[in-house]
Amino acid sequence: MLHRLAPGEPLGLLALLGGGVLALGFCVAAAAGIGDFNIPLRTVFLAVTNNLDLTAAPLDRIEESVVWNLRLSRALVAALCGAGLAICGAILQSLLRNPLAEPFVLGVSAGASTGAVAVIVLGIGAGAVSLSFGAFAGAFAAFGFVALLSNGTVSGPNQTILAGVAASQLFNALTSYIVMTSANAQQARDVMFWLLGSFGGVRWPEFQLLLAVIALSLVVCIWYARTLDAFAFGDEEAASMGVSVGRVRIVLFGVTALMTATIVSMVGAIGFVGLVVPHVARFLVGPLHLRLLPACVVLGAVFMVTADIVSRVILPQQTLPIGVVTALVGVPFFSVLLYRARNRM
Amino acid sequence: MSVVAESLSWQAGGRQILQDVSLRAEPGETLGLIGPNGSGKSSLLRLLAGLRRPGAGRVEIDGQDIARLSRRDMALRVALVQQQSTTEANVTARDVVRLGRTPHRGALAGWTAADEEAVAQALAGVGMQHAATRIWRTLSGGERQRIQIARALAQKPSVLFLDEPTNHLDIEHQIAILRLVRDLRLTSVVALHDLNHAATFCDRIVVLQKGRHIAAGTPDEVLTEDMLARVFSVAGRVRPSPYRPGPEIHFLVDAPEA
Ligand SMILES: Nc1ncnc2c1ncn2[C@@H]1O[C@H](COP(=O)(O)OP(=O)(O)O)[C@@H](O)[C@H]1O
Ligand SMILES: [Mg+2]
Chain A
1 MLHRLAPGEP LGLLALLGGG VLALGFCVAA AAGIGDFNIP LRTVFLAVTN NLDLTAAPLD
61 RIEESVVWNL RLSRALVAAL CGAGLAICGA ILQSLLRNPL AEPFVLGVSA GASTGAVAVI
121 VLGIGAGAVS LSFGAFAGAF AAFGFVALLS NGTVSGPNQT ILAGVAASQL FNALTSYIVM
181 TSANAQQARD VMFWLLGSFG GVRWPEFQLL LAVIALSLVV CIWYARTLDA FAFGDEEAAS
241 MGVSVGRVRI VLFGVTALMT ATIVSMVGAI GFVGLVVPHV ARFLVGPLHL RLLPACVVLG
301 AVFMVTADIV SRVILPQQTL PIGVVTALVG VPFFSVLLYR ARNRM
Chain B
1 MSVVAESLSW QAGGRQILQD VSLRAEPGET LGLIGPNGSG KSSLLRLLAG LRRPGAGRVE
61 IDGQDIARLS RRDMALRVAL VQQQSTTEAN VTARDVVRLG RTPHRGALAG WTAADEEAVA
121 QALAGVGMQH AATRIWRTLS GGERQRIQIA RALAQKPSVL FLDEPTNHLD IEHQIAILRL
181 VRDLRLTSVV ALHDLNHAAT FCDRIVVLQK GRHIAAGTPD EVLTEDMLAR VFSVAGRVRP
241 SPYRPGPEIH FLVDAPEA
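Note that the protein sequences, when read in sequence, are chains A and B.
Just so we're aligned, residue 1 is where the first sequence starts under this note's numbering, counting upward by one.
Just so we're aligned, residue 1 is where the second sequence starts under this note's numbering, counting upward by one.
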């Protein structure tokens with residue numbers, strides 16, 4: 001069975017997924033233990049089982065609450081974001097036939113920042129909920145703009161990418177305009193921080209919403225995994241192998257936009273994960289999507305949880321923006337991968 | 001299955017690319033499509049395969065208007081090998097041939113014995129078993145072309161459209177592929193540049209010039225000295241081949257005028 005899943009591959013999919021899920025469990029546990037003050041793993045586990053009503057161990061109330069209410073929810077949100085961004089990247093790279101495609105290529109993050117800035121600076125609406133809502137609305141506005149500009153589904157991948165570039169430029173200009181003309185210093189800092197991404201402030205309600213969106217999207221994506229393989233040689237080849245290209249593009253662009261917009265509206269535009277993780281996953285399990293997408297889920301989740309831990313511990317008493325960490329950790333790793341791939345060719 | 005095209009017209013980029021083209025391929029027949037560069041052979045094959053909608057006219061496969069067939073139903077009947085296709089993905093040759101099974105498989109269906117059989121047969125058909133695990137991008141042009149043809153064969157179509165399937169192949173494989181196509185006895189429409197190949201392997205030939213359908217018939221009827229001069233602007237001598245049925249063409253490259 002393993003052989004059939006992985007013909008001629010050095011690493012079986014099941015081995016990778018199994019190992020990845022174990023690693024993810026470990027990372028999440030570590031994320032719940034590590035912080036301003038460290039909490040032993042044993043306490044972490046008991047805090048979790050206590051809250052799931054499986055045990056009733058007497059624990060320090062504060063420690064228990066930090067593990068459950070702050071760190072665990074945050075780690076799980078990070079895992080979902082990493083998974084979601086990685087799948088979006090993989091799908092867009094395939095549909096657009098461009099190895100540089102990533103979740104924000106269709107202007108979603110630029111639109112989200114315009115929406116968020118409109119809320120932070122112009123004060124449209126009030127409170128955290130409307131910040132997310134503003135970002136989400138902005139993200140979809142940008143996506144709609146790209147869809148219109150790239151002429152719906154008939155255009156080629158490059159036209160879609162160019163439309164995304166145009167949308168990003170437009171919405172980034174709007175964002176800058178609003179910040180320059182209306183923001184005070186503190187607001188400008190807030191905006192800057194938001195743009196770089198942060199898991200601060202996410203709790204269980206965010207996790208639940210995100211879980212629903214990512215799980216649903218993942219089902220759709222896996223359903224289309226084989227279809228995505230057929231895009232390897234372009235839209236026309238896919239069509240001649242029986243793929244309804246237009247419908248598939250609409251559905252998958254829509255699903256990736258939904259995932260990206262939800263993620264960006266919660267935690268900001270965290271770069272690099274969606275670009276790099278798919279390439280790492282391809283390197284490990286090959287280009288076929290029924291293997292690639294699950295690998296992206298696991299790797300993206302592990303990567304993001306790890307990056308979040310690093311962002312919290314690297315500076316004393318201060319959290320580095322997560323986007324800075326994903327780039328700092330990711331770039332060297334990616335460089336090694338590129339170098340090895342070149343030697344292998 | 002028969003393939004019938006009735007007065008197809010197609011415009012692109014503000015130009016009339018195809019004008020009132022009709023053709024008919026009977027079940028089991030190999031139909032050659034010849035014409036100079038830019039005469040519309042590839043465009044016609046795309047219309048026949050349903051990748052483009054004709055501006056006027058219609059295409060019927062086995063008596064059914066293809067405008068009414070879903071993409072998948074189409075792919076279960078018809079396979080197309082385009083003139084050139086490329087990918088950035090690190091897919092193996094076998095992965096590419098496996099893609100041919102796409103219309104036969106559900107979204108999550110496993111890999112069946114029938115799938116495996118079709119892929120193995122297709123690879124053997126084009127003589128590429130030995131290279132199945134190579135990365136497609138590392139293959140030579142001719143090897144890639146043979147893999148694309150294997151991909152089409154793995155689709156198990158009743159109708160095969162091939163766009164210059166031999167243009168990168170050495171002579172051994174040109175002959176092997178065209179023989180394979182002829183002997184499969186599918187209904188095939190093959191765009192060809194080598195007129196002697198057309199004479200050797202095609203039951204009938206259609207000639208295109210500037211998007212118009214100029215002549216159609218058996219190789220003997222179509223491949224005439226007059227046609228060579230009119231359509232291809234070359235001087236040639238056409239004789240019955242002493243070694244096989246059909247005509248044989250010699251080009252007179254240094255003759256002052258035909
Ligand atoms: N999508 C298109 N847009 C504009 N012109 C096209 C398009 N496709 C083909 N053409 C033009 O149509 C003519 C016929 O092309 P083609 O069918 O590829 O010819 P052939 O395969 O016989 O060489 C060429 O002049 C080509 O430039
Ligand atoms: Mg052509």
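Treat each hint with caution, since some may be false.
[Unchecked claim] Among chain B residues calculated to face chain A with C-beta under 10 angstroms, some are:
#	residue
1	Gln-82
2	Arg-105
3	Ala-107
4	Ser-158
5	Ser-233
Everything labelled a hint here was simulated from the structure, so no lab data went into it.
Glycine is no exception: its CB is placed at the ideal position from the N, C-alpha and C atoms.
Verification of the hints:
For Gln-82 (chain B), the interface hint holds, since its Cβ comes within 10 angstroms of a Cβ in chain A; the closest pair sits about 7 angstroms apart. For the restraint placing Arg-105 (chain B) at the interface with chain A, the shortest Cβ-Cβ distance is roughly 7 angstroms, inside the 10 angstroms limit, so the hint holds. Below 10 angstroms, beta-carbon pairs count as interface contacts, and Ala-107 (chain B) has one with chain A at about 5 angstroms; its hint therefore holds. Because the closest C-beta pair between Ser-158 (chain B) and chain A is about 14 angstroms apart, greater than 10 angstroms, the hint is violated.
At about 31 angstroms, the closest approach between the beta carbon of Ser-233 (chain B) and any beta carbon in chain A exceeds 10 angstroms, and the interface hint on this residue is violated.
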